[in-house]
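Chains as they are written, first to last, in the UniProt record's numbering: chain E, 1 to 167; chain U, 1 to 507.
Hints are computed from structural coordinates only; laboratory data are not their basis.
Values in this document were obtained by computation on a predicted structure and should not be read as measured data.
Yeah, the Cβ is synthetic: ideal placement off N, Cα and C, and Gly gets one too.
There could be a bad hint or two in this list.
[Stated by the list, open to error] Facing chain U, a subset of chain E residues (Cβ under 7 Å, in silico): (1) Leu47; (2) Ala89; (3) Leu107; (4) Ile120.
[What the hints assert, rightly or not] Calculated Cβ distances over 12 Å to all of chain U for the following chain E residues: (5) Val161; (6) Leu162; (7) Thr163; (8) Pro164; (9) Leu165; (10) Ala166.
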Amino acid sequence: MARTDLWSGLLLMLSGALIFWRASTFPSMAGLPYGPDLFPSIAAGGLMICGVLLLISTLLTRQRAAEAGNANSNRDDRLSQRPSGIRRASLRLMALILIVAGFGLALDPLGFHLTSLLAITATALLFGLNALRALCLSVPLTFGVHLLFYSLMNVPLPWGVLTPLAW
Amino acid sequence: MELDTLFRLFSPQSLTLLVLCTLYGTLVGAMPGLTATMAVALLVPFTYFMDPLMAISAIVATTTTAIFAGDIPGALLRIPGTPASAAYVEDAYRLSSTGKSRSTLLVSLLAASIGGLVSVVLLALIAPQLARVAIGFSSYEVFWLATLGLSCAVMTSNASVIKSFASLFIGLFIASIGIDVAVGHPRFTFGWYELFDGVSFIPAIIGLFALSEILRAVSTGKHQPPPIEIRETLSRAFREAFATLARYRSNVARSSVAGTLIGALPGAGADIAAWICYAFSRRFSRHPDRYGKGHIEGIVDGGSANNAAIGGAWTPALVFGIPGDSVTAIAIGILLLNGLSPGPRIFTDNPEIVQTLYGAFALTNLLMIPIGIAVIVLSSKIVRIPRRVLMPIVLLFSLVGAYAITNSVVAVWIVLVLGILGYAMEATGFPLAPAILGIVLGGIVEENFMTSMIKSQGNLFAFFERPWAAALGALTLMVWIFLLGRALYEGYKRQRALSLNTPKREP
Chain E
1 MARTDLWSGL LLMLSGALIF WRASTFPSMA GLPYGPDLFP SIAAGGLMIC
51 GVLLLISTLL TRQRAAEAGN ANSNRDDRLS QRPSGIRRAS LRLMALILIV
101 AGFGLALDPL GFHLTSLLAI TATALLFGLN ALRALCLSVP LTFGVHLLFY
151 SLMNVPLPWG VLTPLAW
Chain U
1 MELDTLFRLF SPQSLTLLVL CTLYGTLVGA MPGLTATMAV ALLVPFTYFM
51 DPLMAISAIV ATTTTAIFAG DIPGALLRIP GTPASAAYVE DAYRLSSTGK
101 SRSTLLVSLL AASIGGLVSV VLLALIAPQL ARVAIGFSSY EVFWLATLGL
151 SCAVMTSNAS VIKSFASLFI GLFIASIGID VAVGHPRFTF GWYELFDGVS
201 FIPAIIGLFA LSEILRAVST GKHQPPPIEI RETLSRAFRE AFATLARYRS
251 NVARSSVAGT LIGALPGAGA DIAAWICYAF SRRFSRHPDR YGKGHIEGIV
301 DGGSANNAAI GGAWTPALVF GIPGDSVTAI AIGILLLNGL SPGPRIFTDN
351 PEIVQTLYGA FALTNLLMIP IGIAVIVLSS KIVRIPRRVL MPIVLLFSLV
401 GAYAITNSVV AVWIVLVLGI LGYAMEATGF PLAPAILGIV LGGIVEENFM
451 TSMIKSQGNL FAFFERPWAA ALGALTLMVW IFLLGRALYE GYKRQRALSL
501 NTPKREP
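Assemble the whole structure, with the sequences as input and the hints as a guide.
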């Protein structure tokens, strides 16, 4: 946990500083000391303070742990996490993020039907279904979502390249 | 309750909707890895297309049953279906291992139903009284109430104070995206005009609560253990369940009331109510040593408390427009989208909303019994539905549901970004509830602060000049002092735990 806390502390500080810097460029309201920059600045300040506190407390704990000779337990942690397992988990995570990003990119040009067929088949494969079953899931699912959202709820799902076939 | 509202509640249309949502809530709650909040998040795009009365009924029915159904995978797989079942999952699982799964689940079903009914009665008694006080509130009081709500969300969270505060500030930052209320300056929109209205609320919660769960599922990828075989006959289970409830009737009463009150605290939802009432139950029990080893008493308490908390959470939501937990935060978002603003005036302006809410609550808690029994009978099949089939379905519904709200691809990007954020926060121990309250209340806090500032021409002391404002302000400051003290204590405990771990050099 100590390592992730260190990184999240740093990240909080950085994003707080960025938000603070952006907010300082906002115009202020005439006659009042508070303008549109006030709330983002409070949020940014809070983020920076939390980041610093998290960093300090993690570093202090680490130092104490090192003094106490707790290095053994640290090594145990690292061993129990198995690097190959972690790498596979983060690869699968990245793959799913890419699928969703692909869905966002392809939705307008390709149209809803093709995009969701591809995305759902890919997700099903990622979760461990075989190709045939993935198709058996994605085809009726796409059709069902089309009926539910497009036909019943009148959501204008884009047709994209299939526009000539739209119904 | 007026006859008109009653008729509308019992119309075939509304009854069908309630039954469907009860079924949906039970199924989603019963599937391990799909939480009650996720059930609501996925339902929201549909409620957007309903009239507000129906939307409220649908949300009430779904959450009520999803919280109960979360006990099912807890008992059969030792995986709590929703966080609210986590308090007593060990007891439930051990009882099931000895062949008592059906009676255990029946006990939690009936306790949940009683807890829910008690909470709606308390809600109907307390809320109008509070509203009478709240009707005189101006921007100063509302500002303090919202700030108090945010502070309570940090106070009641299970995580460390620093991380809860960080989560709150993340939520506040997200709330500040878009055109500002005072001068109309676009903030953090980077030229995307779709962001001028702010981050759309529904895609945001779908990302935080649905996509983040899918991301977690894909990154763990572990196989579920096989569920426990059911060996009890239904009639025997019934007899046993009734006997248990009769024996622990005072526990049911105590935890139903306590659960409602805990739920009414802003930020404290069903999970916290269950934890607190379970701990209470253990302290007052004659057999505290049996808790966690398969004792039914804690299940009675936790089971009634978590459902009672759902009713309780609506009290601040209805009266002040300050949500009690993430689910009511979503519900407030839906009311706002429908052009209704929750607050004391809703009791006089839209009494039908309030009455429908009470009615839907009572009806769902009754409907839940037959549907719950059916689901308990089929439970071992439901928890066996594999995640690899479920998750692609949830993913498509999340993405299309978000798209349906904005009709633009921006929704998909919001879902993705907030999904990654939610996953990262959960993985590193940051609680999500303060962030979601920050997103909902951030706008209210800022708007009322700016209005007050313009009224008082920049005089900060105006925030303490009216009696209620002064009281609420003082209460908020007290919560902050308490939080500061707790943060210091947490740091002290951490250091102490480490120095205790050092190898002792004593003989």
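Here is how each hint holds up against the structure:
With a cut of 7 Å, the hint placing E:Leu47 at the interface with chain U holds, because the nearest CB-to-CB distance is about 5 Å. Given the 7 Å rule on beta carbons, the hint for E:Ala89 holds: about 4 Å separates it from the nearest Cβ of chain U. Because the beta carbon of E:Leu107 sits about 5 Å from the nearest beta carbon in chain U, less than 7 Å, this interface hint is met. Checking E:Ile120 against chain U by beta carbon gives a least distance of about 5 Å; that is within 7 Å, so the hint holds.
The claim that E:Val161 is not at the interface with chain U holds, since no C-beta of that chain comes within 12 Å of its own (minimum 16 Å). Taking the minimum C-beta to C-beta distance to chain U, about 16 Å, the non-interface status of E:Leu162 holds against the 12 Å cut. Consistency note on E:Thr163: stated as away from chain U, and its beta-carbon is indeed over 12 Å from all of that chain's, at 16 Å minimum. Every C-beta of chain U lies more than 12 Å from that of E:Pro164, the closest at about 22 Å, which supports listing it as non-interface.
Against chain U, the non-interface label of E:Leu165 holds: every CB pair exceeds 12 Å, the least being about 19 Å. Distance check for E:Ala166 against chain U: the nearest CB is about 16 Å away, which clears 12 Å, and the non-interface claim stands.
The structure shown violates none of the earlier numbered hints.
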